[in-house]
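Build the full structure now, drawing on both the sequences and the hints.
In order, the protein sequences belong to chains S and H.
Residue 1 is where the first sequence starts when you use this note's numbering, and the numbers rise one by one after that.
Residue 1 is where the second sequence starts when you use this note's numbering, and the numbers rise one by one after that.
It should be emphasised that the hints constitute simulated quantities derived from the structure, not laboratory data.
Quick caveat, the model's predicted, so the values are computed rather than measured.
Be aware that one or more of the hints could be misleading.
As the list claims (entries may be wrong) - Quick list of in silico lysine to any residue cross-link-like pairs, SDA-like style, CA-CA up to 20 Å:
hint	chain 1	residue 1	chain 2	residue 2
1	S	K572	H	A402
2	S	K572	H	A71
3	S	K572	H	V449
4	H	K524	H	G603
5	S	K572	H	Y75
There are 2 protein chains.
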Amino acid sequence: MIPDSAFPVEPWQVRETELNLDLLAQSESVFALSNGHLGLRGNLDEGEPHGLPGTYLNSFYEVRPLPYAEAGYSYPEEGQSLIDVTNGKLLRLLVDDEPFDVRYGELLEHERILDLRAGTLARCVTWRSPAGSSVIVRSTRLVSLVHRSVAAIEYIVEAVGDFARITVQSELVTNEDQPRPSSDPRVAAVLSSPLEPVAHEADGDHRALLIHRTRGSGLMMAAAMDHLIDVPGRVEVTTEAGEDLARTTVICGLRPGQQLRIVKFLAYGWSSLRSRPALRDQVAGAIDGARYTGWQGLLDSQREYLDDFWDSADVEVEGDPECQQAVRFGLFHLLQASARAERRAIPGKGPTGTGYDGHAFWDTEGFVLPVLTYTAPHAAADALRWRASTLDLARQRAAELALAGASFPWRTICGQECSAYWPAGTAAWHVNADIAMAFERYRIVTGDVKLEIECGLEVLVETARLWASLGHHDRYGVWHIDGVTGPDEYSAVMRDNVFTNLMAAHNLRIAAQACGRHPEAADKLKVTTEEMAAWRDAAEAVHIPFDEGLHVHEQSEGFTRLREWRFTEDAKYPLLLHYPYVRLYPSQVVKQADLVLAMHWLGHEFTDEQKARNVDYYERRTVRDSSLSAATQAVLCAEVGHLELAHDYTAESALVDLRDLHHNTRDGLHMAALAGAWTALVAGFGGLRDSEGVLSFNPRLPEDITRLRFRLRWRGFRLTVDVDHDSVTYTMRDGPDGRLRLRHADEEFELSTSAPVTKPVVSRTPLLPAPPQPPGREPRRRPG
Amino acid sequence: MIPDSAFPVEPWQVRETELNLDLLAQSESVFALSNGHLGLRGNLDEGEPHGLPGTYLNSFYEVRPLPYAEAGYSYPEEGQSLIDVTNGKLLRLLVDDEPFDVRYGELLEHERILDLRAGTLARCVTWRSPAGSSVIVRSTRLVSLVHRSVAAIEYIVEAVGDFARITVQSELVTNEDQPRPSSDPRVAAVLSSPLEPVAHEADGDHRALLIHRTRGSGLMMAAAMDHLIDVPGRVEVTTEAGEDLARTTVICGLRPGQQLRIVKFLAYGWSSLRSRPALRDQVAGAIDGARYTGWQGLLDSQREYLDDFWDSADVEVEGDPECQQAVRFGLFHLLQASARAERRAIPGKGPTGTGYDGHAFWDTEGFVLPVLTYTAPHAAADALRWRASTLDLARQRAAELALAGASFPWRTICGQECSAYWPAGTAAWHVNADIAMAFERYRIVTGDVKLEIECGLEVLVETARLWASLGHHDRYGVWHIDGVTGPDEYSAVMRDNVFTNLMAAHNLRIAAQACGRHPEAADKLKVTTEEMAAWRDAAEAVHIPFDEGLHVHEQSEGFTRLREWRFTEDAKYPLLLHYPYVRLYPSQVVKQADLVLAMHWLGHEFTDEQKARNVDYYERRTVRDSSLSAATQAVLCAEVGHLELAHDYTAESALVDLRDLHHNTRDGLHMAALAGAWTALVAGFGGLRDSEGVLSFNPRLPEDITRLRFRLRWRGFRLTVDVDHDSVTYTMRDGPDGRLRLRHADEEFELSTSAPVTKPVVSRTPLLPAPPQPPGREPRRRPG
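Encoded structure:
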């Protein structure tokens, strides 16, 4: 856990006031910079100490064998692992003849600031060497959101008190030593030194380039650096390059108060297709461009890009400064993970660490894209295009599984299924419906139909075909999906999971509707009217198990009849580390929102009473051993009137990484949980819903949040919703024709740019008192 | 497949009339000799060519890591693999200067005979060397059923036509080259050269000994050889020993008609505890004993042992000579696998090959012991003692799984769980009830209560405790077991599997009854009257899912509502090699008898009509991709009146290895299927049942079997049952008090040694016509 004191609560930045080596790995994740293409963990400039050195290129991975002691048909044989590529962040410093290392000498001051509006990571260090020479080091790092291949670092060294001879070694280092990622020696064997050298060049005295390729996956990457050096007096600059190392050495003398300033430009590129010369020239061109733009140019364009983002994405939370900081921190990292991903995956941990091997899951479409669709729709569209680009692989996978249509992977970097445990992988078919829903939401929210024509329709049709071949009608005509795993990973291979069945029905319906919108395109995909009728019929006949005795939905058929889990006061969490699946699966214990998630995403399928009773039932059985859960629980608790509990869950989701609540922030940030901060505030307290194609709000705030103001985009309009405990003001800032129908607490109204509309908050009394959680799994209460 | 012509159909032997190198590996399994402690595959005397070289010591294994691409709590990390130990079968022959090798020169005659009454494998070869020298080689091999550590070979070489210089190298060879057992390189790495040398001795000119140990499992083994040599004229004998090789070389000259006769005595021993000197002396003593007994003495005692076995085990089948041969072949191998196992496991493949890593499964208690209990009860008792000896490990496993009592492993050599796929391993809890039932059957059939006191009671109590902690009562008081895998491995992690639920209830009931029989012992195990009441209550309240619409039992809750499997004419079997579990599990396709097995083992829980309808329903959906299935289908088909179909299944089970019906006889014999030949005949056509504690028969024969006569033991009595199409004659040959109550077709009667009793066969008309099977999985029809 990261203590509350580590990062002071400030609205627009995350500031570390002193260096805590025990939290180094966590801070590297928190301070990661990325643009979705290139990611730099917040490693110290001088490279060490480090928790996990990390420089990532989106989708640049190595393959590794997936071993099975007992193999089975269709088990994936090859995994994909994101690898740490050439590190260009390195700037090693020698003061006189002693290396600058925070573990030696005296660290008089150490501050790092992630600036959420500037898009930079700044560092200021005052250090006295063991021999007594003092220096101030100021560095500012950015990964450009505007120039996709480019990162840059401004590095300033100032002598304090005495003259000092300063040596800076600015490097590109490939195949850095890694902490062992796993106890399995074969994993380490493949991933240690994953890059083999292809070429290296030193050009002039301040510029160098390294080209490497992976052995197994056959990808080639290039990294280049160039330097601007500014110092009074004599300076010697040399550059050399070898297979896994390029180094520019800058030597000068500084009198007290004098500064050495180095601007290091970095450019990265990779390809599975392009030749070595083409890649070399691509990266050389990028670095020329960066140099042309200059440091100030990069800073200015970075801030401009972010200003535009915040203008329609910002969420203001009055009364809870922790959540205020956290929701902006989350939005910033979501943008970083996606802004320039451009038809590459958004991994579960973003480009901030190697957790989950750098794989993308349903987290992308299920949790990240709903936020991006409202705040950075171009990034959502790119992520959907990436998914669509893997359709052929998904078709092959479906065929391998004796199914029609397309079966998208549970976890992957490049589209191939990489899940080695099918009960919580392949059987979690819902990922297909999650993808379909993300396409549909994008269309509804943005009003952009081009994406559907370009690739969305095909995805909808092929996923619908999957469901049609996976489900079946029983002899009474009821449609079932069996042997299925829903979101709750403490249940698997169940029958008729409500979430999955509702999502499948939705997928079938929207596919049929999309074919109706695009009859010619549907015809090209060989969709017949009979096939569409079969989809609609299955969707209408879908079985939704409900326990008439308890008046609650069964998460899956018979769930409420399963054995109750025996929660004890001294229980250890997460349960999966202490209990076997063979006991967890047939018990009424829920890892993460499942039925409750269905009530969020497809809320119109449930009555208010059902929602209240279901929340009450599942809250008591949900242990939140997944970081995906808290935000969804926040949304539903808010809806059924447990506003304080919703506030607790909101904070849990928002603070997942700033407080390391799941104890694995070191491996990378939790993108879905960070997205959940926005979702909990906007969909929870703001009551935003869109599942019926209408933009609806029903805001209500918990006691301590005095005001919530959020901005979003809807079909080209930019809206602001401003909520306090009594009223809601809807403002439309611009838009194509200036008029829009919205819903406020079940009442439709019209909004135009001419004037804001203010509505009273509609209060509701909860049907049931706020439910308890399993012992030891109550969310941390917000300070009252 | 082995063609019908390979082994002529003969009642008391299996004879191979010519050497077919394509069937070499299969014939090595068929011709394996063993006594349950020591097993020798039927490799050629000269060692090669071979399919799989094999010399096994029961439970002598090496450990190997079990890899998981995604590991989970409680997954076993270490597997156990039976290893090929020091090969003492080797007798290499040089004729003049050319090695005798069936692949070179001219093989004029090659016959091998497995004699089921003598307990020997004899071979006769006439061979002409490439240079034209002819010899006749006659060898006879036995593994003594009387002298546990001893094997012996009589090896006779005769010169034909010309003088020949004969050299015989009789060897002990350790760490023989193995065919790669798996594509996983780590498996091969561990299992190649698994034995490290500890000591070697050559003693005099004709005797040697090698001692080795395993690296991981820390087991030590010793193998010794000694020789008697008989030849006219001068002979030179020398013996040398090295780390992995000991060799006795015999050189002589033979004139036409002259013979060199060598008797090679072998002794083996192993221990995890005893010291090197102790093991050396143990083996040296055994070989001294063998030499003292002499070749003829070994032959005589072998035949005597087998005469005694056949006297109360033989099954005579008139009208089907193939089944006649096969049932004796099966009984012979069952005896070989168990006779001197003495508190070691009976592996699924016996000591005949390394298939399934040499592991024991529920096959032992479920399929092998029912036969041994009636035919060789001392061997059944020993096998049960072995299982009881692993109780502490089973208790630890239960605790690891957060369960009470004991959880026996799905697959193991020494008691530790070695199953790396829990849905078809740990979740197949029924193994525990199968073990409990085997103890109960042993008590009922033999009348021996000592074993229950010695260890059976504790096993019954601890397995009952497992079930009590695994199952639960729902809010209506009905008792359920969820997340369970029954015998059918094409379904897994189901709810309320009928077989498992009935077996669990049986286990709970017999545990309570046993505690009632032994109140003091039960008290020591801390069994209270409350605990027994809870067991009885759960057993009474157990849920048995039944489909009221279809009038059939659901194999598991909701089974009859699952999607039907789409059988196609061109389907490939076994399905598990062509379809994923994720599709198989939620479909109505059955790998092997499951509900049907419940109707055999606990037949009194079903009405006649239920049996008929269930057989009809499940026959249409059962693909018999397991060799465990056919015999059970035979028994139930016979019971419901489909006698010809039962006959087909009987032959399928009986011929599993003589015809290599599952295409893997090369890896070892199928002990459970071989046992199934007896079960199909005796329980199927003989109608033997004992589940209610009374010995019952209800014989009816299929058309072609004109007479069935079988012998068995029941509480110290020896019985013969002699059946033809009209009548049954029951004969009691001896017994403790000479009187016994039996049941014939639901009618009780009394039998004594004074006179046989003859009863008419009770014919019944089947309720339904004989059902079809899935396309391509019809059993081979018996020739009409």
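Do the hints match the structure? See the list:
no.: 1; hint: S:K572 <-> H:A402; result: holds, 13 Å
no.: 2; hint: S:K572 <-> H:A71; result: holds, 19 Å
no.: 3; hint: S:K572 <-> H:V449; result: violated, 45 Å
no.: 4; hint: H:K524 <-> H:G603; result: violated, 34 Å
no.: 5; hint: S:K572 <-> H:Y75; result: holds, 19 Å
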